[in-house]
Amino acid sequence: MTVGLLFDATRCIGCGACASACKEQNKLPGPVEDETSAYTWTTVQPKGDTFVRHLCMHCLVPTCASVCPVAALHKTPEGPVVYDSEKCMGCRYCMMACPFDVPKYQWDRAVPIIGKCIMCTSRVKQGQPTACAEACPAGATTFGSRADLIREAKDRIRQNPAGYVDHIYGLTEAGGTSVMMLANQPFEKLGLKAALPGEPPAMRTWQVLSNIPDFVAVWGVFLYGVHWITARREAVSAHQPPPRSPGTASTDDPHTGRRS
Amino acid sequence: MTTSAVLPAKKFRPGFWTFFFGLVTIPFCIVTVLRFYKGLGAVTHLSDKFPWGLWIGFDLLCGVGLAAGAFTLTAAVHLFNLKKFEPIVRPTILTGFLGYIFVITALMFDLGQPWRIWHAIVYWNPHSVMFEVAWCVMLYTTVLAVEFAPVVLERFGFHAPMRIIHGIITPLVIAGVLLSTLHQSSLGSLYLIVPSKLHPLWYSQLLPLFFFISAIGAGIGMVILESYMSKRAFGRHLEMDLLEPLARAMVVALGIYGMMRLQAIARNGAFSAITDFTYEGRMFLVEFVLGVLLPVALLSFRRLRTDPTWLVAGSFLAVLGFVVNRLNVSITGMEGAAGVRYVPSFPEIIISVGLVGIGMAAFALAVRYLNIFPEQAVHAEGRPEGG
Ligand code: SF4
Ligand code: SF4
Ligand code: SF4
Numbered sequence: 046m047t048v049g050l051l052f053d054a055t056r057c058i059g060c061g062a063c064a065s066a067c068k069e070q071n072k073l074p075g076p077v078e079d080e081t082s083a084y085t086w087t088t089v090q091p092k093g094d095t096f097v098r099h100l101c102m103h104c105l106v107p108t109c110a111s112v113c114p115v116a117a118l119h120k121t122p123e124g125p126v127v128y129d130s131e132k133c134m135g136c137r138y139c140m141m142a143c144p145f146d147v148p149k150y151q152w153d154r155a156v157p158i159i160g161k162c163i164m165c166t167s168r169v170k171q172g173q174p175t176a177c178a179e180a181c182p183a184g185a186t187t188f189g190s191r192a193d194l195i196r197e198a199k200d201r202i203r204q205n206p207a208g209y210v211d212h213i214y215g216l217t218e219a220g221g222t223s224v225m226m227l228a229n230q231p232f233e234k235l236g237l238k239a240a241l242p243g244e245p246p247a248m249r250t251w252q253v254l255s256n257i258p259d260f261v262a263v264w265g266v267f268l269y270g271v272h273w274i275t276a277r278r279e280a281v282s283a284h285q286p287p288p289r290s291p292g293t294a295s296t297d298d299p300h301t302g303r304r305s
Numbered sequence: 108m109t110t111s112a113v114l115p116a117k118k119f120r121p122g123f124w125t126f127f128f129g130l131v132t133i134p135f136c137i138v139t140v141l142r143f144y145k146g147l148g149a150v151t152h153l154s155d156k157f158p159w160g161l162w163i164g165f166d167l168l169c170g171v172g173l174a175a176g177a178f179t180l181t182a183a184v185h186l187f188n189l190k191k192f193e194p195i196v197r198p199t200i201l202t203g204f205l206g207y208i209f210v211i212t213a214l215m216f217d218l219g220q221p222w223r224i225w226h227a228i229v230y231w232n233p234h235s236v237m238f239e240v241a242w243c244v245m246l247y248t249t250v251l252a253v254e255f256a257p258v259v260l261e262r263f264g265f266h267a268p269m270r271i272i273h274g275i276i277t278p279l280v281i282a283g284v285l286l287s288t289l290h291q292s293s294l295g296s297l298y299l300i301v302p303s304k305l306h307p308l309w310y311s312q313l314l315p316l317f318f319f320i321s322a323i324g325a326g327i328g329m330v331i332l333e334s335y336m337s338k339r340a341f342g343r344h345l346e347m348d349l350l351e352p353l354a355r356a357m358v359v360a361l362g363i364y365g366m367m368r369l370q371a372i373a374r375n376g377a378f379s380a381i382t383d384f385t386y387e388g389r390m391f392l393v394e395f396v397l398g399v400l401l402p403v404a405l406l407s408f409r410r411l412r413t414d415p416t417w418l419v420a421g422s423f424l425a426v427l428g429f430v431v432n433r434l435n436v437s438i439t440g441m442e443g444a445a446g447v448r449y450v451p452s453f454p455e456i457i458i459s460v461g462l463v464g465i466g467m468a469a470f471a472l473a474v475r476y477l478n479i480f481p482e483q484a485v486h487a488e489g490r491p492e493g494g
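Residue numbers (this note's numbering), protein chains in the order written: chain H, 46 to 305; chain W, 108 to 494.
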């Protein structure tokens, strides 16, 4: 069973309890900032009269994990996408690649690591809800199995079609995510990345990477073949007196005979 | 049958550049200390919104691309048996090797925790293009070092290891070409992961191929430029009979590349960005006119190709356009999605310029103390053939 979070912007009152609970749970220094950072993994931003939460979406096929050269990020079977700061070498490719711009960097530190929501993975492993969901007084952030949350989201839209846009953000975005959102206005207006491709971006690179072994084999054989042919041609012509130009570069090259 | 043209006589004056890079050295050291003592935020204009800047865009992408002459020429000489290019193989391998050392050094600045660079050897993620890049850099730098080793070994008269290297030169060259092919294209693949971020003027599923072909073009351009600069510095001639066919190859590579780029832009329906003259459109024009259209147009004429001044000018444009292209992919094309403008900080520029300077100094030293250039070999063997 994979778990996830459902955030319903129509219910959020912008109290910020979720962001504070996150700070406490993950022992993040400093006050809650307006934008997410290495020290603020989730934050609530006002957009008109609506509030919207920003946090890692915990993609089903996480782009960040696919690009990390040292596998410091990975998706756990329970759902959270977690980070191992002991492996990370700070290349920041995960920040570049994440379609939701989630991973953040400790720019102020000489020994920096990446910071992003890890969906309270230790709590989730013990069957508890995340700290943010537990803290939410308005039922705007709820925790549960992804399948249940999707059912719940669809119910809410069906029961109140006028109150919601007919879209569950995160159902298909970038291949689907474990964190999903509902709102009463288009998501790009709430500052969320819209128009993301439905297939995980990782597929595009994997298409290229998975062909490398074949490519190396074919290209290697080709190059060796070219060498073999040219070397052979040279060996043959070395046995015959050169027809026209007697002083070609190949005949006075001292290395030639040895190599072929 | 060697046709060569004497360049307009210019005497090498070490004064200016020595002075310039000497001047850069002090701030370079200061920035280095600051960067490792205070972190990236203190010296760069990078941010959470714009995590990759000049050190990736110029140092990494261009450093590797401009080293592409090495595999192009070793393949031409050792695999395709185009022996006449042998005289410029050594300086080209040297450039390639220094280029990769440049890239690795730059990475040490850019990585958040450079002392963990070896992690790529032990923690594997074969799904990551960056993982591929890391391995290609490691392996190809080794290959270049071995390919260059004979030049150093002969200087000290170690002949046994030279014979071993000579015996494995074919597999070595093949490994080098394979690794370069992978590496040049994988730098393009790095950007396949950002279909929703990179501007459609540059995003394409063919990015790996674009990076590969344009690197061949720019790599050849570098070979020509480098011959010119070394010749100028040491008061010799340009081997026009070698460089003219290279320029032809460059025109072919750039021509194919240009056509494919236009096709990709058409497929993305992104021409409007050019005709609307947007920021991205203008930057694209700079890159494409300077780096593709002009060099192809100029060097298509035999008369211009055989004239050292035009040959060098065309190559310079191709290299410049290449650099603008890499900066466009890594910076211009990413700014829209990031919602910020990134202009490198002064310290970032200092580091890049300083590293280039160190590389050039290393090249000059190597040329002085090792047998890099053909004339020296020719004279040493006492052959009268004038270059
Ligand atoms: S939202 Fe970004 S950081 Fe979070 S799992 Fe997806 S790719 Fe990774
Ligand atoms: S910054 Fe760290 S976690 Fe992110 S991709 Fe690089 S090594 Fe992986
Ligand atoms: S705790 Fe709940 S209601 Fe309060 S800001 Fe967070 S999501 Fe909104």
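Incorrect hints may appear among the rest.
Reference excerpt, derived from the structure (chain W facing chain H, CB under 10 Å, subset only) [said to hold, decoys possible]: (1) VAL131; (2) PRO134; (3) PHE135; (4) THR139; (5) ARG142; (6) GLY148; (7) LYS156; (8) GLN220; (9) PRO221; (10) TYR230; (11) PRO233; (12) HIS234; (13) SER235; (14) GLU239; (15) THR288; (16) GLY443.
Read the hints as simulated data drawn from the structure, not as lab findings.
All residues carry an ideal CB built from backbone N, CA and C; glycine is no exception.
Hint check results:
no.	hint	verdict
1	VAL131	violated (24 Å)
2	PRO134	violated (20 Å)
3	PHE135	violated (19 Å)
4	THR139	violated (13 Å)
5	ARG142	holds (9 Å)
6	GLY148	holds (3 Å)
7	LYS156	holds (7 Å)
8	GLN220	holds (5 Å)
9	PRO221	holds (7 Å)
10	TYR230	holds (4 Å)
11	PRO233	holds (7 Å)
12	HIS234	holds (5 Å)
13	SER235	holds (5 Å)
14	GLU239	holds (7 Å)
15	THR288	holds (6 Å)
16	GLY443	violated (13 Å)
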